[in-house]
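S.K.: When you get a sec, could you build the whole thing from the sequences and use the hints?
Here are the chains, one letter per residue:
4 protein chains.
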Amino acid sequence: MEVDQLIKWRRELHSFPELGWTEFVTTSILVRELKLMGYEPLLGESIINTKFVRGRKKDDVEKAIKMAIDKGVDKELLDKMNGFTGCVAIYDSGKPGPTVSLRFDIDCVGVQETDNENHLPLINGFKSKNQNQMHACGHDGHMTIGLGIAKWLKQQQENSLCGRVKLLFQPAEEGVRGAQAMAESGIVDDCSYFLASHIGFIAKSGEVVVNPSNFLCTTKYDFRFKGLSSHPGKDPHVGINALAGCCTAATQLLAIPRHGKGMSRINVGVIRAGEARNVIPAYGELQVEVRGETEEINTFMCQQAERLVKGVALGYGLDLEIEIMGEAVDLTNDKEMVQLLSDVSKSNNQTVIEQRSFGGSEDATILGRRVQKINNGKAIYFVLGSDLKGTHHQSDFDFDESILPIGVKIYTDCLLKLISKK
Amino acid sequence: MEVDQLIKWRRELHSFPELGWTEFVTTSILVRELKLMGYEPLLGESIINTKFVRGRKKDDVEKAIKMAIDKGVDKELLDKMNGFTGCVAIYDSGKPGPTVSLRFDIDCVGVQETDNENHLPLINGFKSKNQNQMHACGHDGHMTIGLGIAKWLKQQQENSLCGRVKLLFQPAEEGVRGAQAMAESGIVDDCSYFLASHIGFIAKSGEVVVNPSNFLCTTKYDFRFKGLSSHPGKDPHVGINALAGCCTAATQLLAIPRHGKGMSRINVGVIRAGEARNVIPAYGELQVEVRGETEEINTFMCQQAERLVKGVALGYGLDLEIEIMGEAVDLTNDKEMVQLLSDVSKSNNQTVIEQRSFGGSEDATILGRRVQKINNGKAIYFVLGSDLKGTHHQSDFDFDESILPIGVKIYTDCLLKLISKK
Amino acid sequence: MEVDQLIKWRRELHSFPELGWTEFVTTSILVRELKLMGYEPLLGESIINTKFVRGRKKDDVEKAIKMAIDKGVDKELLDKMNGFTGCVAIYDSGKPGPTVSLRFDIDCVGVQETDNENHLPLINGFKSKNQNQMHACGHDGHMTIGLGIAKWLKQQQENSLCGRVKLLFQPAEEGVRGAQAMAESGIVDDCSYFLASHIGFIAKSGEVVVNPSNFLCTTKYDFRFKGLSSHPGKDPHVGINALAGCCTAATQLLAIPRHGKGMSRINVGVIRAGEARNVIPAYGELQVEVRGETEEINTFMCQQAERLVKGVALGYGLDLEIEIMGEAVDLTNDKEMVQLLSDVSKSNNQTVIEQRSFGGSEDATILGRRVQKINNGKAIYFVLGSDLKGTHHQSDFDFDESILPIGVKIYTDCLLKLISKK
Amino acid sequence: MEVDQLIKWRRELHSFPELGWTEFVTTSILVRELKLMGYEPLLGESIINTKFVRGRKKDDVEKAIKMAIDKGVDKELLDKMNGFTGCVAIYDSGKPGPTVSLRFDIDCVGVQETDNENHLPLINGFKSKNQNQMHACGHDGHMTIGLGIAKWLKQQQENSLCGRVKLLFQPAEEGVRGAQAMAESGIVDDCSYFLASHIGFIAKSGEVVVNPSNFLCTTKYDFRFKGLSSHPGKDPHVGINALAGCCTAATQLLAIPRHGKGMSRINVGVIRAGEARNVIPAYGELQVEVRGETEEINTFMCQQAERLVKGVALGYGLDLEIEIMGEAVDLTNDKEMVQLLSDVSKSNNQTVIEQRSFGGSEDATILGRRVQKINNGKAIYFVLGSDLKGTHHQSDFDFDESILPIGVKIYTDCLLKLISKK
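Chains as they are written, first to last, in the numbering used here: chain A, 87 to 508; chain B, 87 to 508; chain C, 87 to 508; chain D, 87 to 508.
Please keep in mind that the hints were generated in silico from the structure rather than gathered at the bench. Predicted, not measured: the structure shown is a model, and the values here were computed from it. We treat Cβ as the ideally placed atom computed from N, Cα and C, and that holds for glycine. Worth double-checking, as some hints may not be accurate.
To be verified - Here are some chain C residues pointing at chain D (derived, C-beta under 10 Å):
1. LYS320
2. THR337
3. HIS345
Unchecked claim - Okay, derived cross-link-like pairs now, DSBU-like style, lysine-lysine, Cα gap no bigger than 30 Å in a straight line:
4. C:LYS312 with D:LYS475
5. C:LYS396 with A:LYS320
6. D:LYS347 with A:LYS421
7. B:LYS320 with D:LYS475
8. C:LYS312 with A:LYS290
9. D:LYS421 with B:LYS320
10. D:LYS347 with C:LYS320
11. D:LYS347 with A:LYS290
12. A:LYS475 with C:LYS320
13. C:LYS143 with A:LYS320
14. D:LYS320 with A:LYS347
15. C:LYS396 with D:LYS312
16. C:LYS312 with D:LYS347
17. B:LYS347 with D:LYS320
18. B:LYS312 with A:LYS347
19. C:LYS421 with A:LYS320
20. D:LYS320 with C:LYS396
21. B:LYS312 with D:LYS312
22. B:LYS290 with C:LYS347
23. B:LYS396 with A:LYS312
24. B:LYS143 with D:LYS347
25. C:LYS290 with A:LYS320
As the list claims (entries may be wrong) - Across the chosen pairs, the derived CB separations fall in these ranges:
26. B:ILE408 with D:LEU206: 41 to 51 Å
27. B:ILE408 with D:LYS157: 48 to 58 Å
28. A:LYS320 with C:GLY292: 40 to 50 Å
M.R.: Below you can see the structure in the form of structure tokens.
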């Protein structure tokens, strides 16, 4: 792979960072490049099951579409997307063989990129053009690797490969919002293999963590209570107090019992209720997340949380809206895939780290789990090491561009082992 | 009326005090005397609608029946009562005319009668024979007046009276438990007039309060939560915590909003949950009472309370039992009746007090309200003054027996005005 | 009084409405007019005890001062105000006699004035020039009456009056924020009489309510909790959860017991805590108000509320800031003053309404109460009727300008009775 | 060791089971036997630091003393005990050498022993003579082993042993109540070794678990709130509601945050507050236990719990009493001791189980920890297997008496290795 091409892609993508569900410019760049290679990327509701879209705000999407039009994004393309970002490019060898899916996340983080004079993107002129939006987690690198793989596939000799490869460019990974909708579109339901990765994070340039542990299952909720306002002096009995409901719910949620089988977590991160001191509050909302060491425990937390807020709604006579704003599961990498990654990494002169705690949530797990469950397929999530400037999600974050060709090579070497024609 | 007879009755009744819903001996005495006069008292489910029985414990009733049998109460009579105390004697003139209902409560208080040497019932040998049970509120006096009226009615010349008189000997006034069941039997549904009274309390011998004010509407509840116990160390997630539900419910109940239209009250008087420090509690209960200045306010409190505990049950996955343990309403005495009582009292040389705050609850109000509502009937609750030793509900309580004939006279003078044949 | 002058004043004041504590332009207009009459108005900390300033936000004040400068308000004047609005003009007869204080509130409401074509201020070109700020409660009228009285005083013949008159132009009546600071400056501590009034509200043009009832005592609180944020997944035990504290406090506040001696109220109108779903919240605040039928009851509510939030702070390890944002007391008009108002109103051909429920809070009561307490002085708060367009605090509010001279006349007739030289 | 003697001791002790802190008869039996062997057991406050006595009720103790007198226990002995049960026998070789402490718990469980005809204690006539008290956990076996060791020590040839052995007969292990008071008496502060064990439980006859894992740190609390009762109708504002405080505390305790470093637990097992529906409750109490995987975590739970209840007391104006009712720590067996036990067990033909989860709490850990901390001493807690009838704490529990001599042998073999004169 030509390094220059990879760096060029990365820097363009870095310039136009967009938050989850609003990656219209980003998607248009990906589509443009993929079309140049000869792909016809799938878009919109063919890859996004809208019923499972999490944490997407219509207002933000509409504003983003307008801005995309202003920036010259093709209206026809926007029509095909129908409001939903991301795309899937499919390489089809035309010959029988397994289908492999690879996933690359495309959204950015809500951070203002630094103006520090040592910051490489500033020096080299590809700093974010969008205020308070920045590729500060490395998803620009992920997309770049995806484009590199796409190009490599088209460069392979006819008859050398069999089966198919699906390149999933997934929106809204931040807040673990996008994967479920993509999974529920059925796009990976014919896949025998699933691979995804993150750069940096827990490993340096030259390292590959082939079996990161401690992915936490998590579900993100918004709970919204609607009541009736009234005058607290004259008519205290008339109001249906959404603030009272919210506060009671919050205290109950924080007291969900511990789980005997492992680690569980609950946080009520935000409460907003009421508009004025002298009005009984008619509206209130809670932003909540639960976590569990296993899916069983996370499910327990979800059931408890949902039941408690329903009880509060009943008890206080409030209307209740429950919205899942994000979700991820844990993932057990399949042994075969760990072995594959280990072999391939070593053959590329990378230091293989068997296990290291990831300690966070990642919604690629939902896609990987689906491949495992539906087809008894094999899945892996690994970490491609990278030296970092700053840390993830900080304004001075920057990764080591020299790992981009290594990333492409590891993936394509895996593909060679999985879908080479024998 | 012969005073001796009244005193004899009073003293026998005072000797056998029984708590609400267990007045089997008391009822048998009343029935015996009423039969001697020629009445055929109604009993059991003909005067008690069992669906509306409040605060009656089966175990206590069964024990009381056994004790009544031991004391020689006729088994046939007990069979007719079928577990439900109280009786109603009906005087029927055989001639057209209004039906008047008078109500006398028959239960005692859970107090051990004093052994103080100055205590008249001790001196005169009619102290309570039942441990921790005592006529310390004067219901023995009420019943005596009722018997006196019953006898007077039978002594009247044929043709002098018209219509009918129903003498209601009501169980379980303490805790305002018995009236609703009697009301719902329909026993007063043909009545045009209702009269009831209390002796002592807020007036001295020689006084009659013809329009006591500030009767509070009230409802008494038991809320019982049932969950599932588990080991709090190994299986904290398995338990369904009735203590958590109880405590949450209690804090929510205490926060029922104030009412803009008047005084409201809520008390959680008792909580009991859990049996051992190291078990997640499977059972818990709350003893609660709400009050309201008006029936509207009391109803608001009831609705809020019931909705809140249902919400808690839903939220925590608990089974819930709601039992109404007692209830009373407010009562507005009809002007005509106030005038009647005033006239009659004055003609009997009593000092008439127009209005004085009662400030408590009394379930005769349920019967009075029913007469007012169903037949547009007229109702009154008045206070017949009595000098007192001790205060109500205390072990040294005693009232002035000389008011008994005055009580009978006031009632019968009223009857003469209401059902004299013209 | 020349009506034209009153209307001119009113309309200028109406054009420049300013919210409580930001009435710099308003104060400058008042000062300009009062100086023209020959007064030297007191300003700033001589009339405002800054320790008792309630609900004043520094940022808003600073912005308002900048805007006042832009609008040409004299910098020297602003320096004297030192950030605190309002002024007091003192008429001194130079002769022995009582001191009378009259209070006029000067702030506006946060409402955007209507563009409805029938709206008189629009038609006549004196609509609010300030966005989302409008004299929609009639304080422009109050100030106008105050100026009229000020002018009348200066027009009286030497020797006709004795004693002194203090004309209090008080900031920040909305939210009952300004009176306490003015009272605590000691400005009324030498006064024997206090008069204040509101136009409109519960009476029509031609009516005067001389003894409005049901002023509610109230205290407005902000409670702010500060804790420590942490990661809810990795370090749930490290955080000091301000949201948990806020919610617990809110539920406890709503459960402050009812008061046996009369009406009490509590409202938690606003809660804001936490900034992100995945951070344990380090900050949270509650906006609260309590009310009581009497000062005793309001004090009870305050004590309970303050004690509860202190308990929560201790229990959760949070720092707590309690700020009183406003306050008012009840007021019992002195009989002599009611009689005086009644006489004067009648002699001006007004219909006198003895009593009518006011049913809200008004911080003039604090000044009136202080006069009563310190000097055994006499105080009154009355309502000067006015036909209204729209209702108070609405965008189409407008009062009847013809009542302005009546208002002036009633006050000056009172003054004639109180401080005429005999 | 003569098996007959062991069985005789065991059966006598089994006949007179006594609950924690009331083991007066039990102690008198132990003292009698130890004196026969030539010991002068330490008693009362010389081995119990009364400041650290947990979960001991004076009333129960006084009753037990009276019963002990009735059963013929020597009054002089009771005087020496001064109300505190347990004893310590010290074997002193008179020669320099280490001090070894062994601990045997002496209390029973609150269970009524079965009358099932197959129950060996019934068949052989040594069933519990005390109602609802039974050695259903095997502490009778522990004491018997202790007596066996005591006798063995006295049988050893002079000069064969060096150093000292302290035989601790500890009261009130159930509820982990007794060890802290014994530890704080300083009785083990000169010890270099500590050994303790439990029979049965997680191992069968012929097995020895030399390194049981998962001892949980725990603290048991009673929280008692005292307020002021009042009439909820007339004086709701006068009461200081202990029930409200209790319920609020319970809900807050259940919401103590999870700990990021490991397992934590909280249970509110019992709540009792209020005495009557129509009285504002003046008293309430909670029975609580916290647990932690490590002492750090348990300490965190304790600090949170104590702070929360103090906050509630402050917030509600309640008096608060915090009493620690029991406590235990975790224990890490020293490697040397595990090796010693392993060797000795094997040489006695026992199957050695290296590790098996204990999963409960045991207060011998407090004594073991103290020896480790103060003298850098070595400690072990092991499980001596026994076939069981029924399970621990059940009415049909019974252990295999044939393990008693094995138990004695294992301990004495250990002693031979630790204090043989070289």
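S.K.: Now tell me if each hint is right for this structure.
M.R.: Now for the hints, and whether the structure bears them out:
no. : hint                               : verdict
1   : LYS320                             : holds (5 Å)
2   : THR337                             : holds (8 Å)
3   : HIS345                             : holds (4 Å)
4   : C:LYS312 with D:LYS475             : violated (57 Å)
5   : C:LYS396 with A:LYS320             : holds (29 Å)
6   : D:LYS347 with A:LYS421             : holds (29 Å)
7   : B:LYS320 with D:LYS475             : holds (24 Å)
8   : C:LYS312 with A:LYS290             : violated (38 Å)
9   : D:LYS421 with B:LYS320             : holds (28 Å)
10  : D:LYS347 with C:LYS320             : holds (8 Å)
11  : D:LYS347 with A:LYS290             : holds (26 Å)
12  : A:LYS475 with C:LYS320             : holds (24 Å)
13  : C:LYS143 with A:LYS320             : holds (29 Å)
14  : D:LYS320 with A:LYS347             : violated (51 Å)
15  : C:LYS396 with D:LYS312             : holds (19 Å)
16  : C:LYS312 with D:LYS347             : holds (25 Å)
17  : B:LYS347 with D:LYS320             : holds (18 Å)
18  : B:LYS312 with A:LYS347             : holds (25 Å)
19  : C:LYS421 with A:LYS320             : holds (28 Å)
20  : D:LYS320 with C:LYS396             : holds (28 Å)
21  : B:LYS312 with D:LYS312             : holds (28 Å)
22  : B:LYS290 with C:LYS347             : holds (27 Å)
23  : B:LYS396 with A:LYS312             : holds (19 Å)
24  : B:LYS143 with D:LYS347             : violated (51 Å)
25  : C:LYS290 with A:LYS320             : holds (22 Å)
26  : B:ILE408 with D:LEU206: 41 to 51 Å : holds (50 Å)
27  : B:ILE408 with D:LYS157: 48 to 58 Å : holds (51 Å)
28  : A:LYS320 with C:GLY292: 40 to 50 Å : violated (27 Å)
The structure fails hints 4, 8, 14, 24, 28 (numbered hints given earlier, in ascending order).
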